[in-house]
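One letter stands for each residue in the lines below.
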Amino acid sequence: MSNNVIILAGGQGKRMKINSPKALCNVVGEPMLEWVMSACENAGLDEICIVKGFAGEQIDAYVEKRTSKAKVSTVLQAERLGTGHAVMMAEKFLRANADGNTLVLCGDAPFIDAATIEGALKLHMQKNCGVTVVTSVVEDATGYGRVIRTKHGISGIVEHKDCNADQLSVKEINSGCYWFKTSDLLEVLFEIKPNNSQGEYYLTDCVELMINKGKAADAFISLNPNVALGANDRHGLLKLNDIARMEIINRWLDEGIEFTCLDGVSVGRNVIIGRGTRIEAGTELRGNTVIGEDCVIGRNCILENTVIGNGVSLNNVQAYNAVVDDNAKIGPFVQLRPDSHVCKGVKIGDFVEIKNSTIGEGTSVSHLTYVGDSDVGSNVNFGCGVATANYDGEKKFRTVIEDNAFIGCNTNLVAPVCIGKGAYTAAGSTITGDVPADALAIERGQAVIKEDYAKKKLAVRTKKFEDAHKG
Amino acid sequence: MSNNVIILAGGQGKRMKINSPKALCNVVGEPMLEWVMSACENAGLDEICIVKGFAGEQIDAYVEKRTSKAKVSTVLQAERLGTGHAVMMAEKFLRANADGNTLVLCGDAPFIDAATIEGALKLHMQKNCGVTVVTSVVEDATGYGRVIRTKHGISGIVEHKDCNADQLSVKEINSGCYWFKTSDLLEVLFEIKPNNSQGEYYLTDCVELMINKGKAADAFISLNPNVALGANDRHGLLKLNDIARMEIINRWLDEGIEFTCLDGVSVGRNVIIGRGTRIEAGTELRGNTVIGEDCVIGRNCILENTVIGNGVSLNNVQAYNAVVDDNAKIGPFVQLRPDSHVCKGVKIGDFVEIKNSTIGEGTSVSHLTYVGDSDVGSNVNFGCGVATANYDGEKKFRTVIEDNAFIGCNTNLVAPVCIGKGAYTAAGSTITGDVPADALAIERGQAVIKEDYAKKKLAVRTKKFEDAHKG
Amino acid sequence: MSNNVIILAGGQGKRMKINSPKALCNVVGEPMLEWVMSACENAGLDEICIVKGFAGEQIDAYVEKRTSKAKVSTVLQAERLGTGHAVMMAEKFLRANADGNTLVLCGDAPFIDAATIEGALKLHMQKNCGVTVVTSVVEDATGYGRVIRTKHGISGIVEHKDCNADQLSVKEINSGCYWFKTSDLLEVLFEIKPNNSQGEYYLTDCVELMINKGKAADAFISLNPNVALGANDRHGLLKLNDIARMEIINRWLDEGIEFTCLDGVSVGRNVIIGRGTRIEAGTELRGNTVIGEDCVIGRNCILENTVIGNGVSLNNVQAYNAVVDDNAKIGPFVQLRPDSHVCKGVKIGDFVEIKNSTIGEGTSVSHLTYVGDSDVGSNVNFGCGVATANYDGEKKFRTVIEDNAFIGCNTNLVAPVCIGKGAYTAAGSTITGDVPADALAIERGQAVIKEDYAKKKLAVRTKKFEDAHKG
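Chains as they are written, first to last, in the numbering used here: chain A, 11 to 481; chain B, 11 to 481; chain C, 11 to 481.
What the hints contain is simulated information worked out from the structure, not anything from laboratory work.
Be aware that one or more of the hints could be misleading.
Same chains, same label: a pair holds when it works inside one copy or across any pair of copies.
Once the Cα atoms are required to be at most 25 Å apart in a straight line, the calculated DSS-like pairs of lysine-lysine come out as [claimed, not checked]:
1) 467 / 405
2) 431 / 406
3) 406 / 466
4) 203 / 181
5) 339 / 405
6) 339 / 223
7) 27 / 339
The whole structure should be built from the sequences, with the hints applied where relevant.
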């Protein structure tokens with residue numbers, strides 16, 4: 011027996027005014043579909059079938075790029091004829107898994123969670139239901155379908171506009187997420203009719219058909235207050251972002267993380283932050299970023315899939331797929347590009363880019379420097395304006411700088427090149443060959459002083475300066 | 011017949027604690043006077059007369075700098091004796107346009123709009139009124155003058171403190187904006203008296219005088235809820251900024267623009283943004299900035315009067331009077347100064363300044379580079395640390411870099427200079443003369459290796475390093 | 011007679027999940043203890059005794075680092091047995107000052123203010139009280155101890171859980187701050203018993219004991235609504251930050267400072283800002299920063315202990331212990347490190363770091379430059395990419411650049427070195443010796459042009475470029 015899921019992701023969201031499936035709209039940096047898929051995977055579901063429709067190729071592209079735990083397939087709903095019709099498109103998927111249960115949910119209701127999926131399945135199986143509706147109890151149910159309970163389960167779902175006075179007072183709403191016994195679903199799915207003003211096949215009609223056939227139907231109340239939330243336009247999407255953003259931040263406040271001002275702070279839901287760490291205003295933590303204890307991150311950092319040790323201090327740093335070890339101090343105005351590894355106690359100052367390089371322990375890269383495709387040892391000192399010339403127009407080469415080397419200001423290191431242990435390069439030198447340990451490499455032209463050269467020029471500049479300060 | 015406008019801009023706003031006219035205080039980056047003047051121009055009014063008072067020379071300076079569609083003049087109100095007195099100062103302007111209608115409004119109530127001005131004029135002319143008051147219906151009218159309606163129009167405006175119980179319940183308020191039949195206004199203007207505790211001439215007294223003379227008076231209800239809003243202090247001004255900022259952003263949300271977090275986001279009212287574009291936190295769009303479709307702008311961009319194509323990605327970029335073509339990718343930490351043109355598919359990395367230059371298609375400027383006063387071809391590659399030396403202390407010269415050239419790291423290009431098609435410059439070279447197509451230009455000194463130079467120095471540094479890591 | 015203070019700072023704040031005393035948690039950039047200590051000092055109290063407990067060595071370290079007006083000592087409360095027990099630990103301090111009055115307050119209730127301390131002391135002395143409780147009248151007193159007034163003073167403090175119906179309706183609460191006549195306190199302090207469910211010694215029991223002994227007891231209502239506020243977890247701490255942040259900003263709005271968007275704006279409580287200055291979004295002003303009139307500060311500036319003159323414009327500048335004189339224009343993307351002095355009318359462009367240097371009047375440092383340990387005269391022009399090589403791996407040396415000098419692009423100035431008045435350095439030169447006034451210093455290698463060098467290379471790059479643009 012297998013428990014699988016059909017995710018409905020065919021809608022465009024016209025009011026978003028985009029040429030993409032609505033389920034690919036972002037909430038805190040990830041498509042809503044991603045939120046839903048990962049909840050399903052975290053609940054241990056093995057197979058996901060996504061019903062795509064509008065711009066379905068974008069769904070396929072997303073699925074292909076994604077590293078999925080579950081087995082994922084897609085089917086196309088060529089016409090948009092309702093949720094019931096969408097599930098019909100997955101008939102083959104249903105039949106292949108007919109011995110188990112199938113979860114059906116919306117790819118654009120991002121806040122479904124694994125605990126809800128698991129809890130609902132447990133109830134579903136315990137009660138041997140044909141269908142179990144995931145519900146939410148809300149203060150204001152306006153617009154939502156109400157779930158009508160009986161002694162033994164539910165008698166159906168009534169759309170808001172069809173509710174009588176009693177039903178209007180019901181606060182338990184349909185979240186749009188259902189567990190079906192797959193074989194029961196197949197029994198009724200093709201019996202539903204588009205007998206409504208929209209001319210659409212409604213999946214909720216399956217619930218009534220099942221009850222009529224004597225199948226058990228029940229409802230599982232999710233403790234997650236946001237389980238039914240979706241968005242129809244950019245205002246609604248912004249609201250989902252706000253809700254998710256504050257929920258994640260509140261979780262980290264609970265864990266003792268210090269936030270002094272939340273303005274512009276965004277923390278991805280998979281980010282991990284260690285105790286005693288402070289996250290400052292304007293900082294965005296994305297993807298699988300992990301931050302250690304007692305760090306100061308911010309202001310205005312962007313960290314994406316980056317691993318930060320303990321006691322690290324970052325000030326206006328952008329890092330992408332990088333690793334920073336304990337007690338490093340970086341910034342302001344620094345970019346760590348992919349595959350950078352900044353070791354323990356490294357100091358990186360302002361206007362520095364590191365790319366695809368290791369910077370050894372205790373090394374100092376103070377200002378206006380680019381280190382790319384390099385293996386830098388420990389206790390190395392970089393002067394200002396150092397450039398690794400790693401690209402000759404055809405290929406990229408690596409630069410090696412061994413421990414204790416001292417790289418003078420505005421040195422060019424033309425790769426492939428190796429600066430030996432403790433070696434020096436003189437300021438302004440372009441180094442094209444290896445430098446032995448302890449040596450000084452100097453490339454310097456002839457120095458000439460031309461006396462009185464500047465007198466005439468000065469007169470012009472002085473006049474300009476005076477003119478500028480007259481006004 | 012002509013329809014003109016008198017803008018009252020004499021007030022200081024003492025509680026702002028500035029030495030400027032209050033009407034020059036900014037709302038979302040533009041003086042309140044600018045908001046009012048452009049609304050009048052958008053409503054097609056031909057002549058604007060600004061009544062200046064406190065620091066009137068600043069009003070003149072502003073008007074002179076401004077590119078105005080309407081003909082704009084100013085008159086001085088030397089003493090601050092009320093709104094009626096202010097309009098008296100414009101007597102000459104009124105007499106010159108006596109065959110038409112005159113709009114009178116406040117230069118520090120920024121949210122007046124062209125539709126309101128036009129709608130009120132239409133009513134004013136249809137009903138052949140002496141005066142038509144622009145009104146607003148508000149929930150809480152406390153402090154505002156109430157407009158008292160009769161069967162055929164209005165009977166007057168009653169100040170809050172003079173209202174009886176019935177009048178207090180009126181929710182229709184005077185916005186401080188009026189259309190007058192100019193000749194009727196001239197007939198009564200000099201009859202108003204400063205018979206009040208402030209000893210001021212109130213323009214509202216003209217309404218009563220007109221009605222007494224049997225002129226028609228009516229009121230036009232603006233659909234704009236903010237039409238009467240002004241500010242008396244910095245708190246109030248901040249509130250106006252907030253209102254305007256959210257109104258503009260909500261307009262773009264309606265248009266399908268993606269905002270994921272509004273913190274620090276500010277969009278000028280004349281900015282245009284294409285569909286599918288995302289505006290990230292901390293981004294400020296100023297002036298006549300135009301952004302294409304499917305761009306990502308942010309975080310922390312400032313774009314001023316800048317034109318951005320489609321599919322452009324900007325990360326922490328500041329651009330002033332620049333043009334960026336499709337699919338360019340720029341940032342983080344980049345400044346585009348005026349008259350920069352970044353062509354299609356260009357990649358600009360970190361710590362780059364472009365000034366008064368064209369960067370041709372597909373060219374790459376990766377890091378720590380200044381390109382000024384240059385014409386750069388397509389598919390050029392800039393190494394790290396390139397500087398165009400465009401200024402010799404007297405004059406600025408241009409640099410030309412032709413297609414496919416490759417500029418080595420830390421190259422200095424001393425203008426005027428031309429790097430030919432496909433030519434190379436070696437890292438660390440200072441190029442003072444033209445380089446032919448396909449050539450390599452190299453300026454390099456003598457390279458010397460001094461063995462064992464660094465041994466003693468290393469001992470000192472190693473000790474320092476160890477000392478630093480003892481604690 | 012002396013008036014002194016005991017600050018209770020022994021608590022950990024477990025729910026903050028930190029390994030530090032709770033009183034060292036920050037509110038708007040300063041530990042709560044700092045807020046309390048400075049309020050006491052501003053009220054003119056001469057001696058402060060801090061009762062430390064959890065991680066007390068951090069309190070000691072903080073006190074040692076701090077420049078205190080008052081004489082400060084600490085005592086250890088080894089076990090956490092209540093507020094009364096904490097005060098017992100300071101017995102020696104009390105006995106040494108037994109002829110005066112002692113204020114007792116909490117190190118983690120940061121919003122106590124000097125006016126409250128002084129007002130309460132005045133009442134305390136006028137009424138010759140044994141104890142005067144500082145109170146606050148609040149809308150919702152839930153959870154707080156109520157102060158019960160009598161005709162002549164107070165009859166005691168009743169904890170919320172012990173209140174009867176009448177007492178529950180009392181809105182005057184105990185702020186946890188008390189003035190004691192020191193001798194009276196000593197008389198009762200050691201009589202209190204831990205007869206309560208927590209087994210703790212409560213300082214409030216002293217109030218009852220005093221009243222029983224016939225001492226006068228009164229309460230002083232603070233006008234400061236936040237006087238009793240503290241925080242138990244990170245959520246509460248964030249709330250304190252928000253309250254303090256908005257209170258400071260509102261104070262500056264009152265003073266006529268322009269804030270256009272408060273997102274990410276943080277102003278330290280000791281910062282001073284001159285009239286007509288605008289503070290833009292994302293700007294943080296720390297410590298003893300002083301800003302003159304008519305400046306524009308922001309966006310995204312961080313200024314720490316920095317003094318800014320009038321008419322200064324800063325854009326994305328970070329400055330630490332620096333001085334900037336009138337009309338300087340700096341940014342974007344600039345760092346001024348400690349002991350930088352930027353003189354009048356200086357222009358600093360993008361990607362510039364200044365450290366421990368003076369930049370003379372009217373000097374221009376446009377881009378990608380590091381000026382460290384330098385004395386720069388007036389009207390100097392820096393080209394792009396200039397580096398002062400102030401460190402030779404052993405020592406740091408100073409660079410002197412005299413008035414009107416012109417430093418070419420990518421010049422290295424190897425300190426110690428002096429560039430004379432009006433002298434020029436040629437682009438790309440490394441200057442290791444002094445340059446006389448008006449001279450041109452040029453260090454240049456041999457320039458070679460290798461024809462047709464690049465033809466083959468170009469083919470490779472062209473292919474890459476085409477491949478990249480195929481997709």
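Hint-by-hint comparison with the structure:
{"no.": "1", "hint": "467 / 405", "in the structure": "between (44 Å within a copy, 10 Å between copies)"}
{"no.": "2", "hint": "431 / 406", "in the structure": "both (23 Å within a copy, 22 Å between copies)"}
{"no.": "3", "hint": "406 / 466", "in the structure": "between (46 Å within a copy, 16 Å between copies)"}
{"no.": "4", "hint": "203 / 181", "in the structure": "neither (28 Å within a copy, 53 Å between copies)"}
{"no.": "5", "hint": "339 / 405", "in the structure": "between (32 Å within a copy, 22 Å between copies)"}
{"no.": "6", "hint": "339 / 223", "in the structure": "neither (68 Å within a copy, 60 Å between copies)"}
{"no.": "7", "hint": "27 / 339", "in the structure": "between (44 Å within a copy, 24 Å between copies)"}
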